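**Student:** Here is what each chain is made of, one letter per residue.
Protein chains: 2
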Amino acid sequence: MKIISGGVCAAKGFTANGVHCGIRKNKEKRDLSLIFSEVKANAAAVYTTNLVKGAPLLVTKRHIADGIAQAVICNSGNANTCNANGVEIAEQMSDIAAKQLGISPDDIVVASTGVIGQPLDIEPIADGIVSLADGLGDFSDYAAEGIMTTDTVKKDIAVSFEIGGFECKIGGIAKGSGMIHPNMATMLVFITTDCAISSEMLQKALSTDIKNTFNMVSVDGDTSTNDMVTVLANGMAGNKEITCDGDDFDTFMQALNTVTVYLCKAIAGDGEGATKMLECTVDGAKDELTAKTVAKAVICSSLTKAAMFGADANWGRVLCSIGYSGADVDVNKVDVSFISVKGEILVCKNGAGVDFSEELAKEILLERDITISINLNSGDGKAVAWGCDLTYDYVKINGDYRT
Amino acid sequence: MKIISGGVCAAKGFTANGVHCGIRKNKEKRDLSLIFSEVKANAAAVYTTNLVKGAPLLVTKRHIADGIAQAVICNSGNANTCNANGVEIAEQMSDIAAKQLGISPDDIVVASTGVIGQPLDIEPIADGIVSLADGLGDFSDYAAEGIMTTDTVKKDIAVSFEIGGFECKIGGIAKGSGMIHPNMATMLVFITTDCAISSEMLQKALSTDIKNTFNMVSVDGDTSTNDMVTVLANGMAGNKEITCDGDDFDTFMQALNTVTVYLCKAIAGDGEGATKMLECTVDGAKDELTAKTVAKAVICSSLTKAAMFGADANWGRVLCSIGYSGADVDVNKVDVSFISVKGEILVCKNGAGVDFSEELAKEILLERDITISINLNSGDGKAVAWGCDLTYDYVKINGDYRT
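Taken in order, these protein sequences are the chains called A and B. Read in numbering that gives the first Met the number 0, the first sequence has 371 at position 372, and its numbers run on one by one without any break. Read in numbering that gives the first Met the number 0, the second sequence has 74 at position 75, and its numbers run on one by one without any break.
If you're looking for bench data, these hints aren't it; they were derived computationally from the structure. Note that this is a predicted model, so its numbers are computed, not measured. One or more of the hints may lead you astray.
[Stated by the list, open to error] To give a feel for the contact side, a few chain A residues facing chain B, derived at Cβ under 8 Å: (1) L50; (2) V51; (3) N82; (4) A83; (5) V86; (6) V114; (7) I115; (8) T224; (9) W314; (10) L318; (11) I321; (12) A351; (13) L389; (14) T390.
[Stated by the list, open to error] Pairs of lysine-lysine residues, derived as BS3-like cross-links and limited to a Cα-Cα distance of at most 27 Å, are as follows: (15) B:K395 x A:K264; (16) B:K395 x A:K361; (17) B:K60 x A:K348; (18) B:K341 x A:K395; (19) A:K1 x A:K210.
[Claimed, not checked] Coverage of chain B stretches by chain A, computed from C-beta distances (three or more under 8 Å per stretch; other residues unrestricted): (20) 48-54; (21) 344-357; (22) 388-395.
Glycine is no exception: its CB is placed at the ideal position from the N, C-alpha and C atoms.
Could you put together the complete structure from these sequences and hints?
**Tutor:** Put into structure tokens, the structure is as follows:
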């Protein structure tokens, strides 16, 4: 497997584009994105578990019920959620895009992200879609930018892998930033691949993968209304279609996982206001569920997040969050270490503090990527969760998001 | 029922004091508190549900297993939690206080609050306890200050009420600020009353009351390791002892509730970095549990809290948090209003936005005490939760708490 460039355009037959159509006031910022497959693709998706669901999710769900899609249209700047005419607008977005692309509206994945509860005007989208479609090309970057909200960096990745002697590619773009929490699908992620795989196996791969990837990312504990992850697989790599479990499916899963883990870390590290990417690894749990529960509690703890922002080795907060996680843990067996490129330092052994160098701890915690490593010493269960620190800027960004 | 002054010293037979003994570096800040009843009192307590429990909790639990206590000793600046010798130190605190007061160590409630995982030195406590006991008097204020951590204001209240022609009094002090979340007992709260009530009924009153009071307060979603609420009832008011349900018990419950609700709001409004006290009222739920689940989700939402800090009427975040709360709610029936002394404004009707004056909304939300009023329009269940906004100062306080 090899990391390659190209994002959602890396796989054969996929083009993309992103433009500024006018939903956002800032003309410098693209706000409408399109991803297109030159042939129909098998499609799979997962959605937020929030009872309040963005209108585009309802429309997308209906469109890909047959396991087929050919394009993705997504705007940022407005979530098209909690609006009386939301479904109507999402259908119009699909219709306009389909007409421009010469495909069926039923093969369109439609998504929106931004402020909840403000009517979404179709005019700028209708106007922008012509240049958006006309300009389709190897522009994964533009598409990645068009779906960004408070994201500060574009998030994309692609890898190549081999199945039955055929080179396959898979790539994705994501937008994250705020309102991100594990108890659901995830943020917005669009993945494309030229690997031939049936809709059923594609859905199985995605549904299995997200349990250990996007469902283990938290920025702020708020589960969004508009999250979705979709994968389009157009089969143009030429491999024999994957229709069941086996080595080929495992290879595909591994490639998919490389893409999703990368995007998870990118989303976590670019959480609203974040200055650090936090990874929490849990080992020695009595089972995987226990490990996941602990990892999520630590990564979600406001106090732990604030301590990491201050590069403060306040391991008591880590232990505290393990204690209230609800997981069945013997707190007297817990070890905690902090790890970064600067080294590793044990700060808690058997649930109690150990002498450690505050200087080294500081040096380790001043890095951007920090691992909080926990061993529960009670079994073989393990899990990883990703998050970010809690900073002044998180508050600043969210204190007045709408204006 | 009447609000009176005196805090924990309002009830007959109770004295208190607080001194600076040296656990904290800042000599201006009292860090050791004592509450004393001249006769043995019936006692009840509730504790944090965190699996990681401060050593003082374990010792207190043992001491009041017989339902009797006569004094409370509490230090701030160090939680005495996750220390190998924690129980030993908590026992020493009890022994020293008991000796000084001439009572049994088994009648001492011992508590600590502050940093987790740093050894607590008994020396300053041993030194301070003499002047602490010698100076016992009508000093509820000093005791309230001695238990404060990052609290910015003292929290105390007392009320008088009548049972069977006898005037009874009940009062309390609390410390809150950070690491406060509903899933457990609560912060530190010490309540005293001269009402005669059996240990069993006292425990019943407390355990019932906290479900709708301290368990409905959240500052940051982190459940502390050291939380406890204790009530000491010394019976000196002279009323016939309450030993069963009935009017007298109801009157006592009402008085207790007046004290606890006041302290809840005080804790919420003085949450770390808070500029606002947020109250979330939920009506029209299909049952009480649903109402509580919704109220807690809204009050815990980082995004809603940040929006309130910015006085931004971003009701979409309120709806979003209702949606992910896990409660069984028809999101298309939800109404949301914001209320303060400046008025009331409906911002969401039947799950969708309504036209409203942004100017009036701003004016309402710029106040210090804000109510987020939610009607689920699906039944008679109701609940109230309290919290605070999320501010720069929360991050500042917690970015480097240990130093």
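**Student:** Please go over all the hints and tell whether each is borne out by the structure.
**Tutor:** Structure-based check of each hint:
Look at A:L50: its Cβ gets to within about 4 Å of chain B, closer than 8 Å, so that hint holds up. The beta carbon of A:V51 is positioned within 8 Å of a beta carbon in chain B (closest approach about 3 Å), and the interface hint is therefore held. A hinted interface residue such as A:N82 counts as satisfied when its beta carbon comes closer than 8 Å to some beta carbon of chain B; here the least separation is about 6 Å, so the hint holds. This hint holds: A:A83 has a C-beta 5 Å from the nearest C-beta of chain B, less than the 8 Å allowed.
Taking 8 Å as the C-beta cut-off, the interface hint given for A:V86 is violated, the closest approach to chain B being about 12 Å. Taking 8 Å as the C-beta cut-off, the interface hint given for A:V114 holds, the closest approach to chain B being about 7 Å. The beta carbon of A:I115 comes within 3 Å of a beta carbon in chain B, closer than 8 Å, and the hint placing it at the interface holds. With its C-beta approaching chain B no nearer than about 5 Å, A:T224 sits inside the 8 Å limit, and its interface hint holds.
The beta carbon of A:W314 comes within 6 Å of a beta carbon in chain B, closer than 8 Å, and the hint placing it at the interface holds. The beta carbon of A:L318 is positioned within 8 Å of a beta carbon in chain B (closest approach about 5 Å), and the interface hint is therefore held. Hint status for A:I321 relative to chain B: holds, with the closest Cβ pair at about 7 Å, below 8 Å. Hint on A:A351 holds. Least Cβ distance to chain B is approximately 5 Å, under the 8 Å limit.
Below 8 Å, beta-carbon pairs count as interface contacts, and A:L389 has one with chain B at about 6 Å; its hint therefore holds. Evaluation of the A:T390 hint against chain B yields a held restraint, the C-beta minimum of about 6 Å falling below 8 Å. In summary, the hint linking B:K395 to A:K264 is supported, as the alpha carbons are separated by about 25 Å, within the 27 Å threshold. Proximity of B:K395 to A:K361 is assessed by CA-CA distance (about 17 Å); at most 27 Å being required, the pair is judged to hold.
For the hint linking B:K60 to A:K348, the alpha-carbon distance of about 26 Å falls within 27 Å, and the restraint holds. Among the hinted pairs, B:K341 with A:K395 is consistent with the structure: their alpha-carbon atoms are about 25 Å apart, no more than 27 Å. In summary, the hint linking A:K1 to A:K210 is supported, as the alpha carbons are separated by about 24 Å, within the 27 Å threshold. Under a criterion of three residues with beta carbons nearer than 8 Å to beta carbons of chain A, the stated coverage of the region 48-54 of chain B is upheld, 5 such residues being counted.
For the region 344-357 of chain B, the proposed coverage by chain A is satisfied: 4 residues have a C-beta within less than 8 Å of a C-beta in that chain, meeting the threshold of three. A count of 6 residues in the region 388-395 of chain B with a Cβ less than 8 Å from any Cβ of chain A is obtained; the coverage claim is therefore met, three being the minimum.
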